[in-house]
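Chain B with the ligands: place on chain A using the hints.
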Amino acid sequence: MKIAVCIKQVPTREWQPRLRDDKTWIREADVSYEMNEPDAYALEEALRLREKHGGEVVVCSAGPARVQQVIREALARGADRAIHVEDDSLAAADAFVSAGALASAMADETFDLVLTGLQSDDQGHGQTGVVLAERLGIPHSTIIMEVQIDPSTSSGQAGSLRVKRELEGGWFQWIAMPLPALLTIQSGINQLRYATLKGIMAAKKKEIRKASLPAGLQPSQQIVALAMPARSKQTHLIGGSAGEAAKELVRLLRDEARAL
Amino acid sequence: MILVVAEQRDGTLNRATWEALVAAQALAGADEVAVVIAGSGIDAVAQELAAAGAGDVVVLDDVALKTYTPDAWVIALRAVIEQSAPSHVVFAHTYQTRDFAPALAARLRKPLITDVTAVNGTGASATFTRPMFQGKLAAEVKPAGGGPVFVTIQIGAFRADRLQKGSVASVTKAPVSLDASAIRQTPEAPFQEAKAAVDLSQAPRIVAVGRGIKSQENLPVAEKLAKALGAELAASRPICDNGWLPMERQIGSSGQTVAPKLYVALGISGAIQHLVGMKGSRTIVAINKDADAPIFEVADYGIVGDLFEIAPALVAELEK
Ligand SMILES: Cc1cc2nc3c(=O)[nH]c(=O)nc-3n(C[C@H](O)[C@H](O)[C@H](O)COP(=O)(O)OP(=O)(O)OC[C@H]3O[C@@H](n4cnc5c(N)ncnc54)[C@H](O)[C@@H]3O)c2cc1C
Ligand SMILES: Nc1ncnc2c1ncn2[C@@H]1O[C@H](COP(=O)(O)O)[C@@H](O)[C@H]1O
Chain A
1 MKIAVCIKQV PTREWQPRLR DDKTWIREAD VSYEMNEPDA YALEEALRLR
51 EKHGGEVVVC SAGPARVQQV IREALARGAD RAIHVEDDSL AAADAFVSAG
101 ALASAMADET FDLVLTGLQS DDQGHGQTGV VLAERLGIPH STIIMEVQID
151 PSTSSGQAGS LRVKRELEGG WFQWIAMPLP ALLTIQSGIN QLRYATLKGI
201 MAAKKKEIRK ASLPAGLQPS QQIVALAMPA RSKQTHLIGG SAGEAAKELV
251 RLLRDEARAL
Chain B
1001 MILVVAEQRD GTLNRATWEA LVAAQALAGA DEVAVVIAGS GIDAVAQELA
1051 AAGAGDVVVL DDVALKTYTP DAWVIALRAV IEQSAPSHVV FAHTYQTRDF
1101 APALAARLRK PLITDVTAVN GTGASATFTR PMFQGKLAAE VKPAGGGPVF
1151 VTIQIGAFRA DRLQKGSVAS VTKAPVSLDA SAIRQTPEAP FQEAKAAVDL
1201 SQAPRIVAVG RGIKSQENLP VAEKLAKALG AELAASRPIC DNGWLPMERQ
1251 IGSSGQTVAP KLYVALGISG AIQHLVGMKG SRTIVAINKD ADAPIFEVAD
1301 YGIVGDLFEI APALVAELEK
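Listed in order, the protein sequences are those of chains A and B.
Residue numbers for the first sequence follow our numbering, so the first one is 1 and each next one is one higher.
Residue numbers for the second sequence follow our numbering, so the first one is 1001 and each next one is one higher.
It should be emphasised that the hints constitute simulated quantities derived from the structure, not laboratory data.
Please read all numbers here as calculations on a predicted model, not as lab measurements.
Using 27 angstroms as the maximum straight-line C-alpha spacing, the simulated BS3-like pairs for lysine-lysine come out as follows:
1) A/Lys247 - B/Lys1289
2) B/Lys1227 - A/Lys247
3) A/Lys23 - B/Lys1110
4) B/Lys1224 - A/Lys247
5) A/Lys205 - A/Lys2
6) B/Lys1289 - A/Lys23
Isolated chain A, as found in the complex (with noise of 0.2 angstroms):
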């Protein structure tokens, strides 16, 4: 099984959003960057898929050089080596330039499985793993919390898989699809590992093929303006020490709401 698992770096959840002068991205400057959360989760299968089945776990990301610190990071929890996509141009890409990107470095690859996360906490488009999909003329399946294999290969077939796919309101769904294919993970699809000292030093040694992004990508869309969102409701924020606060509240809600 040769599996690659995608991970974008993403500025951490403690973040409080700074815009750039120009106010279509953030300030950069002062960001602190982790791993995406459902690409961990996504690095976690993977790294099971291959203690099952055997093979190798290759990271993919694109990004500018701070990139490299989640690549390390994957690599310390187990992952073989890394393809990095780098360009100072895809911190802000949309899902279609990642994707080419991601693409025309894992073109040569051919891996058996591709994973990715459902959705970045950055940008939020929940659509580079599919648009990879297309553009590696792989199938694919979305929202997964569990995966197996059947290595079995027939009729030219490199195995198949069935994965359980999430669906609205606690409903989910069984769909199985040859080999190679790729598949979006869910949070919660596995319980993480963290990196243990040994991990930190192997993965010093660990390669990284660093890759140039390729010409003729166009960005499909553009952010004219980054803003606070507007607020919908007008919320009645209470004051005061812990103590007077949760007497206001109390009280608030008795009186006003009713709702004790």
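Using the frame of chain A, we list chain B with the ligands on its own:
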């Protein structure tokens, strides 16, 4: 023309389709809206759509469309889109749309703007507002590279009851030419995991805990507050993902939808996938240390502060 892709399962229309239609009307201005729906034996749904008179209905009816697969939907819809050449193709941002719309747009090499909360302007010059950075920011986005532009509409962002109805519209069947061997996914029947032991939809009061609780050891902070309020305990997705509380206590698009008398969100940021499961609650209280957290957009009462100070203070006050 604006083409709306309706969604049905087993002959039942997904109600989010009405919201997509309202968004399409906003986008259309004086232009026309049309609706396309795919499936097999879906005449009743097509009639339901036509009866609203929001636009003529095109039906893609084929046995190969009996159950949803992304490959079949991409092939069937592509033909209609290429034939009717709409300026925009509008969908509700459902899990099904997430599964095939990016492939459809990518195959046609046309822009796809997802999770749209507002439409600014009409026609070719329209821009779209969508959340970024987990709802911390809203982006105004302009499509690039010509139409048709694909747009998916966030659930709940447009009100279905704002639909401008007209006289009964026409229903026509469009031919479908689908080679079964081009469909690579084989789906099985949808199912629910073992029936939830707690039915949170019946709880009059709910205390929901999010990642702000930091660790499983801190859960009693929320449990005590729930007890003092006579409330059930629920959670955001990451709490259940981590196994700190069972999945059946998850609120949101992939968990339960609730509308209690009182919903207290403790250390929950208010991502849209959480909000869709609880924003119908009668009174919403948010306790969060970040004054800009999106949860305050739906809260009636808010306390900006540390839940580890405020929750115990509330318990003390309630026990007085
Ligand atoms: C397809 C899909 C389906 C999803 N389905 C669901 C779903 O059904 N339900 C769901 O909940 N999510 C769902 N999600 C995930 C969702 O997008 C969010 O990631 C999730 O809701 C965030 O959970 P949270 O608010 O607990 O965590 P975070 O977003 O990390 O927020 C934690 C909050 O706690 C606050 N905080 C931290 N410390 C303190 C403190 N000491 N005192 C007070 N406040 C504090 C922070 O300011 C922050 O606002 C889904 C996502 C996708 C893509
Ligand atoms: N620049 C990137 N590098 C690597 N993977 C990416 C990149 N952008 C998106 N992805 C993958 O695509 C998924 C969906 O991203 P998005 O379409 O932005 O919501 C993410 O969870 C990642 O797995």
